[in-house]
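Protein chains: 4
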Amino acid sequence: MVKVGIVGASGYTGGELLRILAQHSEVEIACITSRMHAGKPAYKVHPNLRRVLNLSFEDIPYERVAERCDLVFCATPHGASMEIVPTLLEHGVRVVDLSGDFRFEDVAVYERYYGKKHVAPDIRAAYGLPELHRKEIRRAELVANPGCYPTSIILGLVPLLKAGVIDAPHIVADAKSGISGAGNKPRETTHFPNAAESVLAYKMTAHQHLPEIEQELRRFSSEVRVSFVPHIVPVIRGLTSTLHCFLTQELSPEEVRKLYEEYYMNEPFVRVLDVGEVPRLSAVRGSNFTDIGGFAIDGERERVIVVSAIDNLVKGASGQAVQNMNIMLGFREEEGLRSVGIHP
Amino acid sequence: MVKVGIVGASGYTGGELLRILAQHSEVEIACITSRMHAGKPAYKVHPNLRRVLNLSFEDIPYERVAERCDLVFCATPHGASMEIVPTLLEHGVRVVDLSGDFRFEDVAVYERYYGKKHVAPDIRAAYGLPELHRKEIRRAELVANPGCYPTSIILGLVPLLKAGVIDAPHIVADAKSGISGAGNKPRETTHFPNAAESVLAYKMTAHQHLPEIEQELRRFSSEVRVSFVPHIVPVIRGLTSTLHCFLTQELSPEEVRKLYEEYYMNEPFVRVLDVGEVPRLSAVRGSNFTDIGGFAIDGERERVIVVSAIDNLVKGASGQAVQNMNIMLGFREEEGLRSVGIHP
Amino acid sequence: MVKVGIVGASGYTGGELLRILAQHSEVEIACITSRMHAGKPAYKVHPNLRRVLNLSFEDIPYERVAERCDLVFCATPHGASMEIVPTLLEHGVRVVDLSGDFRFEDVAVYERYYGKKHVAPDIRAAYGLPELHRKEIRRAELVANPGCYPTSIILGLVPLLKAGVIDAPHIVADAKSGISGAGNKPRETTHFPNAAESVLAYKMTAHQHLPEIEQELRRFSSEVRVSFVPHIVPVIRGLTSTLHCFLTQELSPEEVRKLYEEYYMNEPFVRVLDVGEVPRLSAVRGSNFTDIGGFAIDGERERVIVVSAIDNLVKGASGQAVQNMNIMLGFREEEGLRSVGIHP
Amino acid sequence: MVKVGIVGASGYTGGELLRILAQHSEVEIACITSRMHAGKPAYKVHPNLRRVLNLSFEDIPYERVAERCDLVFCATPHGASMEIVPTLLEHGVRVVDLSGDFRFEDVAVYERYYGKKHVAPDIRAAYGLPELHRKEIRRAELVANPGCYPTSIILGLVPLLKAGVIDAPHIVADAKSGISGAGNKPRETTHFPNAAESVLAYKMTAHQHLPEIEQELRRFSSEVRVSFVPHIVPVIRGLTSTLHCFLTQELSPEEVRKLYEEYYMNEPFVRVLDVGEVPRLSAVRGSNFTDIGGFAIDGERERVIVVSAIDNLVKGASGQAVQNMNIMLGFREEEGLRSVGIHP
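Protein chains in written order, with numbering that gives the first Met the number 0: chain D, 0 to 343; chain Y, 0 to 343; chain U, 0 to 343; chain E, 0 to 343.
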């Protein structure tokens with residue numbers, strides 16, 4: 000059994016890693032840390048884990064974590080990971096980092112969008128979107144697990160961009176996220192009376208996931224510019240993006256769908272829906288699938304609409320992190336990730 | 000007191016007309032009809048009206064409705080209104096029709112999008128968006144009350160189009176509607192286990208409100224083409240549209256806001272938010288206001304984001320219908336419409 | 000115009016007082032205070048008030064509030080009111096206090112359940128439930144506005160107790176409250192991912208509203224003991240109580256209903272539903288009504304079920320406070336409180 | 000591999016059986032039937048099953064189902080099962096029936112509460128609550144899977160009744176169910192605008208689960224009478240019951256908890272919470288656990304409050320059905336049922 004650890008295991012992504020790893024047959028959870036909850040059993044924070052996992056949070060130096068583990072997940076906030084990851088790597092531990100700290104090729108972009116100086120600018124990571132970077136992930140010491148919005152939007156756009164059939168500088172990505180994406184810390188926008196019966200656009204032109212989206216999409220067309228507007232909707236889990244693109248050539252819905260079908264043919268976690276079907280959040284709730292559908296064409300207006308959906312905590316965070324671990328360690332990619340979506 | 004009637008008063012827009020008219024000091028509700036609920040007191044269908052309104056539904060010929068009323072609201076479904084309105088007009092009654100039947104200048108557009116032959120193609124109506132057509136509404140015999148999506152999207156775009164600062168053929172309107180917009184008849188998509196914890200795009204390129212939106216916006220630029228995608232979100236009431244536009248000239252958020260401030264300066268029911276503020280559904284819940292905000296500029300990508308919000312049953316339907324009535328009858332435009340939004 | 004002030008006007012009950020008073024024709028809002036938001040316009044905190052109320056929060060000494068007002072609402076937290084109210088009363092201002100500080104005849108009960116020493120134990124207030132204490136309220140200098148749970152439960156039980164037909168020591172009141180009842184401060188239990196898709200019993204035997212409920216019900220039977228369990232449910236506004244009572248004599252549903260009909264015959268804000276009807280939260284949402292229904296009898300098990308529903312922020316707080324003010328000042332009791340419930 | 004079939008596989012409980020059985024290593028799904036969806040792949044109805052299960056609905060005679068299966072789940076409505084089960088049993092197939100048709104020892108009780116004549120009154124079934132009837136289930140040809148409310152309420156009350164510490168004729172069970180419990184057919188009460196922001200008591204004294212609850216509880220005290228009031232709350236999945244009991248002797252919370260701990264010591268699917276903890280629906284969402292907590296004592300009022308929670312579609316239906324199958328077929332009881340709850 001490979002020994003894995005989780006730094007920052009008391010948040011939502013930490014809890015979700017535990018839920019998934021508890022069903023993984025190739026790894027042993029050797030260590031989970033939380034400063035605030037040190038000493039408490041995991042189930043006191045993640046009540047679904049009662050009787051499922053018999054582990055308690057610890058508050059120990061990262062060197063000690065490294066000694067006890069072969070691979071570590073950093074489920075730590077932006078800014079914290081860059082302080083921790085170098086130590087872990089120095090101790091020869093492989094790392095999957097769920098923060099934004101190592102996702103950028105250009106550190107200046109990170110510093111601009113995250114508003115902080117990077118303390119480990121020379122450390123390189125593979126960008127952990129297996130559908131694009133499986134080969135680099137396999138041999139990486141450090142994998143930077145993608146953001147939830149980028150996962151949904153990049154997977155929804157790549158086949159169109161690769162085929163060169165859309166107007167790359169005029170892409171609109173209107174995304175709607177469940178509120179667990181904001182983490183487990185109560186704040187004004189997540190207060191139920193504010194968040195229920197509400198839809199709220201935020202960071203309309205300046206969300207930190209925008210440069211991540213564009214970095215990856217520009218591998219397919221250097222002209223890509225995305226009008227990305229995130230919204231929070233009264234949903235616990237789930238993230239869906241409506242991708243409005245302008246076509247540069249005539250295409251039928253079936254032809255568009257075929258681009259996706261072919262691009263994702265061998266992907267275990269991308270499901271391409273039939274023409275006319277729209278992804279439903281319940282179909283992916285709790286599961287690692289990305290569902291992509293829509294494929295609506297408005298010939299008169301020369302546009303195509305594609306819709307993608309994920310569970311923001313699974314394919315948008317911890318599920319993808321485990322998928323990356325599986326690739327890094329040579330396990331079957333689906334191992335631990337066979338949970339079926341909770342519908343309805 | 001002017002005598003008004005409501006044909007089809009048992010649906011959500013009928014109930015909302017009753018709620019509003021019950022607080023109106025210049026009219027008397029002379030007659031409410033419902034085939035299905037004939038004989039029942041209104042409060043048996045609209046439980047909020049218990050003790051508020053002492054009226055029962057009737058099932059009587061439209062001629063009889065006309066005899067008893069000075070003005071009639073048709074809260075009837077698409078296709079039914081065109082059968083009823085001619086009779087009412089012939090009897091000299093003024094009409095506000097909440098269906099889509101009389102919203103189009105070109106009957107062929109109606110027939111294409113609504114999938115039915117128009118039986119009264121020669122009857123002309125004023126398009127009941129007071130912010131654009133107050134003068135025609137004042138003297139109209141028939142007002143075609145706008146759809147909920149068009150109200151939100153048209154009001155959100157007109158100042159930009161009028162100023163000629165956006166790329167008219169590449170407008171994206173990504174709209175999110177509460178589920179009451181689908182009416183009071185249970186169906187699969189409105190079944191709670193399907194609708195809760197969900198966001199669903201539908202009629203992605205073919206919604207019947209699209210030609211209505213373009214008809215009105217083309218008064219400002221003949222080149223307008225709108226990528227309109229409606230979604231249902233787990234909200235009872237409220238509709239918000241995120242309007243993604245590409246700028247044709249450099250503008251600051253303040254300059255954009257000023258276009259709105261000036262355009263709506265004298266409008267009683269449009270509130271222009273401050274730069275950086277995003278409309279909240281609770282601010283308009285139960286009220287006739289349209290809130291417009293956002294005004295985010297991404298200079299690098301030359302785009303502007305504007306967000307508008309209404310209560311789909313009030314400014315998006317029955318409130319606007321009463322506003323139209325007030326204009327037609329020369330009442331104060333706010334009469335009966337002073338309810339403040341229910342926040343939170 | 001009578002001049003009124005609100006101390007602590009930035010919370011939910013403060014906002015709701017403003018929404019209601021903005022529609023009141025006999026009073027002028029002379030002063031609203033908030034320490035945290037001093038200087039800000041009210042609409043920045045309560046976005047529904049934009050264009051409706053042109054007032055800003057102030058942070059001024061209570062003496063100054065007293066000078067400018069004839070009547071003051073204290074929408075301050077438990078413990079704060081008892082520090083403020085004596086000053087206001089000394090200055091000859093009449094007060095409606097929305098906290099729990101002055102609701103108890105026996106200060107020891109307050110101190111036990113609220114866990115703090117009372118600093119003004121000699122000040123007497125009328126308990127502001129008009130259906131029970133209209134006469135005392137009329138002449139009171141200080142009215143202690145009831146809690147939301149007590150309002151719903153007391154009104155739902157009094158006719159049965161008065162008639163002496165139930166087993167007073169074995170009453171079960173299982174209550175479900177919307178989350179706005181917890182105030183506007185985000186906390187773990189109100190965090191959307193925790194509160195949505197959830198029902199949570201809390202303070203199962205020790206809620207501070209329990210002694211308030213029993214104090215009032217014991218006016219009708221000294222043996223009353225209530226098994227009161229409050230729950231939070233994923234609802235913004237609304238509070239409903241299911242009252243399970245054991246009958247001491249045989250009664251039909253119609254006979255039970257008649258007890259309510261007679262008891263509340265002249266009450267402007269209590270609606271007694273028909274036998275078999277159950278109150279719906281949407282019928283009272285935003286309105287000052289209490290709806291009471293159910294009236295189900297299980298003869299075999301000798302029990303009766305009554306269900307009552309209110310909007311926790313209106314009849315359960317600010318609406319009732321204005322109703323009390325209307326009584327104190329001799330206005331029509333419905334003044335300002337004619338808003339019809341927002342259904343759906 | 001044992002061959003299993005599902006009759007009526009297109010409903011919510013059918014879909015949930017498929018989700019669970021897809022993760023079961025000892026059975027093969029040989030046949031799924033649906034009259035309405037015959038010919039369609041299962042994932043067209045249950046979108047979570049896309050790529051997970053490659054099966055289509057059939058519409059074939061029950062004899063044919065029997066020939067292809069060793070064990071059949073009837074996920075058919077009340078009244079339909081009693082027409083089907085006899086045929087299946089005659090063909091030597093073992094059956095788990097999820098309807099109410101075979102839950103009663105006294106057919107007259109069934110006929111009274113379900114309002115129909117029983118067509119197979121002589122067929123006996125084991126009542127499929129493993130915590131009470133594991134031995135009979137093991138050897139049964141037919142298991143009657145319990146209702147969701149009874150599962151939650153019976154498990155929550157048995158330790159108290161067995162210990163003889165509560166007043167058996169005065170038990171109050173106030174239960175709150177998610178809306179998936181009403182099935183997948185849209186109706187007025189499940190229409191989102193009615194069901195959201197709402198709590199609704201229904202069948203207050205006459206729910207068909209009441210006699211089922213009392214039948215099982217009377218095994219422990221013949222005097223049991225339960226005031227059972229079910230409510231629907233705006234939750235997709237999850238059911239929680241607040242059990243109000245009057246104590247006949249003094250007990251501490253720890254003593255009460257110990258009764259539960261001991262009673263359920265060896266049960267794989269009952270988790271007894273710590274004193275003061277209240278079960279959360281997210282802890283059981285998607286899982287087969289029953290969580291029991293509360294254990295609050297109000298000595299003054301001589302009462303004890305216990306709260307239990309399940310996922311109504313899992314332990315309340317399909318998960319328990321698979322647990323029963325595992326017992327009948329001698330599999331490990333947890334097989335296929337290891338999914339961890341989806342929290343948050």
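Please keep in mind that the hints were generated in silico from the structure rather than gathered at the bench. Accuracy of the hints is not assured; some may be wrong.
The list treats identical chains as one, so a pair stands whether inside a single copy or across any two.
What the hints assert, rightly or not - In the DSSO-like style, the derived pairs of lysine-lysine whose C-alpha atoms are separated by at most 30 Å in a straight line are:
1) 134 with 202
2) 184 with 39
3) 202 with 161
4) 2 with 202
5) 39 with 257
6) 257 with 184
7) 115 with 202
8) 39 with 161
9) 161 with 116
10) 2 with 43
11) 2 with 116
12) 115 with 257
13) 39 with 202
14) 161 with 115
15) 43 with 184
16) 39 with 134
Everything numeric in this text was worked out from a predicted model, so none of it was measured.
Since the copies are identical, ignore which copy is meant and state whether residue 39 and residue 202 lie within 30 Å (CA to CA) inside a copy, between copies, both or neither. between (36 Å within a copy, 23 Å between copies)
Is it within, between, both or neither when you check residue 184 against residue 39 at 30 Å Cα-Cα? The answer is both: 18 Å in one copy and 27 Å across copies each meet 30 Å.
Since the copies are identical, ignore which copy is meant and state whether residue 2 and residue 116 lie within 30 Å (CA to CA) inside a copy, between copies, both or neither.
-> Result: close neither inside a copy nor across copies, 32 Å intra and 55 Å inter.
With identical chains, the pair residue 161 and residue 116 could be close in the same copy or across copies; at 30 Å between alpha carbons, which is it: within, between, both, or neither? Neither: 34 Å inside a chain and 44 Å across chains, both beyond 30 Å.
My question is about residue 161 and residue 115: at a cut-off of 30 Å on alpha-carbon distance, are they close within one copy, between copies, both, or neither? neither (34 Å within a copy, 41 Å between copies)
Quiz item: How do residue 43 and residue 184 come out at 30 Å by Cα distance, when the copy is not named: within, between, both, or neither?
Solution: For residue 43 and residue 184, both the intra-copy (16 Å) and inter-copy (24 Å) Cα distances are at most 30 Å.
Problem set entry | 30 Å Cα threshold - placement of residue 202 relative to residue 2 | neither (39 Å within a copy, 42 Å between copies)
| request: Could you place residue 39 and residue 257 in one of the four classes (within, between, both, neither) given a Cα distance threshold of 30 Å? | output: between (51 Å within a copy, 22 Å between copies)
> How do residue 39 and residue 134 come out at 30 Å by Cα distance, when the copy is not named: within, between, both, or neither?
Replying inline: This pair counts as neither: shortest intra-copy Cα distance 39 Å, inter-copy 38 Å.
* Evaluate residue 39 and residue 161 at a C-alpha cut-off of 30 Å and name the case that applies: within, between, both or neither. => Intra 49 Å, inter 33 Å, cutoff 30 Å: neither.
- Pop the pair residue 115 and residue 202 into one bin, within, between, both or neither, using alpha-carbon distances up to 30 Å. Only inside one copy: residue 115 and residue 202 sit 18 Å apart there, 43 Å across copies, limit 30 Å.
Identical-chain pair category, residue 2 with residue 43, by Cα at 30 Å: Only inside one copy: residue 2 and residue 43 sit 23 Å apart there, 40 Å across copies, limit 30 Å.
The structure is inconsistent with the numbered hints 1, 4, 6, 8, 9, 11, 12, 14 and 16, although it conforms to all the rest.
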